[in-house]
Amino acid sequence: MKTRVLLVDDEEEFVQALSERLKIRDYDVAISLTGEDAIEKIKSYNFDVVILDVLMPHMDGVEVLKKIKRIKPLIEVIMLTGHATVETAIEGLKLGANDYLMKPCETEDLVLKINRAYDKKTEHEERIREAKVKEIMSSPRAALKE
Amino acid sequence: MGFSWEIVGKGGFQFFGKISASISHDIKNVLAVLNENAGLLEDLVLMAEKGASFNHERVKSLANSMRKQIKRADLIAKNMNRFAHSVDKPLNDVDVCETLELVVALSGRLADMRGVNLEPLYTKERICIKTNHFLLENLLWCCLDFAMTSVTEGNTVGIVVEEIEKGVQIKFTKLQGLITDDRTNKFPSEEENDLIRALEAETVMDTGVQTLFLKLPEKIGS
Numbered sequence: 001m002k003t004r005v006l007l008v009d010d011e012e013e014f015v016q017a018l019s020e021r022l023k024i025r026d027y028d029v030a031i032s033l034t035g036e037d038a039i040e041k042i043k044s045y046n047f048d049v050v051i052l053d054v055l056m057p058h059m060d061g062v063e064v065l066k067k068i069k070r071i072k073p074l075i076e077v078i079m080l081t082g083h084a085t086v087e088t089a090i091e092g093l094k095l096g097a098n099d100y101l102m103k104p105c106e107t108e109d110l111v112l113k114i115n116r117a118y119d120k121k122t123e124h125e126e127r128i129r130e131a132k133v134k135e136i137m138s139s140p141r142a143a144l145k146e
Numbered sequence: 001m002g003f004s005w006e007i008v009g010k011g012g013f014q015f016f017g018k019i020s021a022s023i024s025h026d027i028k029n030v031l032a033v034l035n036e037n038a039g040l041l042e043d044l045v046l047m048a049e050k051g052a053s054f055n056h057e058r059v060k061s062l063a064n065s066m067r068k069q070i071k072r073a074d075l076i077a078k079n080m081n082r083f084a085h086s087v088d089k090p091l092n093d094v095d096v097c098e099t100l101e102l103v104v105a106l107s108g109r110l111a112d113m114r115g116v117n118l119e120p121l122y123t124k125e126r127i128c129i130k131t132n133h134f135l136l137e138n139l140l141w142c143c144l145d146f147a148m149t150s151v152t153e154g155n156t157v158g159i160v161v162e163e164i165e166k167g168v169q170i171k172f173t174k175l176q177g178l179i180t181d182d183r184t185n186k187f188p189s190e191e192e193n194d195l196i197r198a199l200e201a202e203t204v205m206d207t208g209v210q211t212l213f214l215k216l217p218e219k220i221g222s
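Residue numbers (the working numbering), protein chains in the order written: chain A, 1 to 146; chain B, 1 to 222.
Calculated from the structure, these hints are not laboratory results.
A virtual CB, placed ideally from N, CA and C, is assigned to each residue, including glycine.
This list has only true hints and no planted wrong ones.
Reference listing, derived: stretches of chain B covered by chain A, where coverage requires no fewer than 3 residues with Cβ under 8 Å from a Cβ of chain A:
no. : stretch
1   : 28 to 36
2   : 40 to 53
3   : 110 to 124
Cut-off 16 Å, straight-line C-alpha distance, at most; resulting in silico cross-link-like pairs (EDC-like, lysine to aspartate or glutamate):
no. : chain 1 : residue 1 : chain 2 : residue 2
4   : B       : LYS28     : A       : ASP10
5   : B       : LYS68     : A       : GLU11
6   : B       : LYS68     : A       : GLU12
7   : B       : LYS28     : A       : GLU12
8   : B       : LYS171    : B       : ASP145
9   : B       : LYS28     : A       : GLU11
10  : A       : LYS23     : B       : ASP43
Distance ranges between label pairs, derived from CB positions:
no. : chain 1 : residue 1 : chain 2 : residue 2 : range
11  : A       : GLU130    : B       : ASP74     : 55 to 65 Å
12  : B       : LYS60     : A       : LYS120    : 39 to 49 Å
13  : A       : PRO140    : B       : VAL45     : 51 to 61 Å
14  : B       : GLU57     : A       : GLU125    : 39 to 49 Å
So that you can see chain A by itself, here it is in the shape it has in the complex:
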């Protein structure tokens, strides 16, 4: 199955070109130009990785990140920043972002970070599955009641 990526940035031409490049590299890509639209898409579709711009009108990247982690905590988020400083991106890491990248970025760096984030998400999901299985095995009656 292809890795499902959501690109969130208010620079339309940037997200269009980047989404085409990621599709060429065999990713399943959707785009959002606002934080609000991203949240709606995340609610209704299962993404693996979100690439999120830090500075956006209305709802900024950090706010979007907090909402994503509340709605679907397993989604991995990579912060994208145009700032010369990394302070906001570091704030994002503290709030649960997987990694960050500075604009303009090398596509191969981005691809590497997406793949790492995807691996982390699948590992995490696997661990949750294993824990559930253990729980069922240790007390099958309680699991059946549930």
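Fit chain B to the known structure of chain A by using the hints.
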């Protein structure tokens, strides 16, 4: 009267820093678009070399997009240059309309972030006064920043420049938030008052007409 640069102070440096950071952010965004467009062109060529059909229309649209981004970067650089040169002389003949246009352009990102539209209206093409260019930019930016926090998202700040007797008046209009909170007590701050004094300007807040008035003399230090 001589003009002391000391008046620029902490607030002036902070203003310079904020504007520089905003400009660098805009440049980074342009570079990011150009970088992805160039990368996509490369991808399309590599795919064509491997036998895929070559999408001429997509290549044309990418070239157009790159040209558009170069124009955008050129405008950012021009504004940055105009802004940098505003500290050249302590006193200068300054076109208020042109300066306001520059400050509005430099505030574009901030306005976008707040979801506010800026609508400047000039009653004349040029209205010149003798003043300190940099401090004027700083004061206009402070007024604009205050005005933008006095409207709700999706609304417009009107900016009208008009000649008055012995000076210029700039009106920041449609500030519906002026009536509803105590922001009127917070503007101007101590630092903003220093600027107002240095430029021999005057600010008047009229909640009845939801407007902030800024009056500037035709010449400072006379």
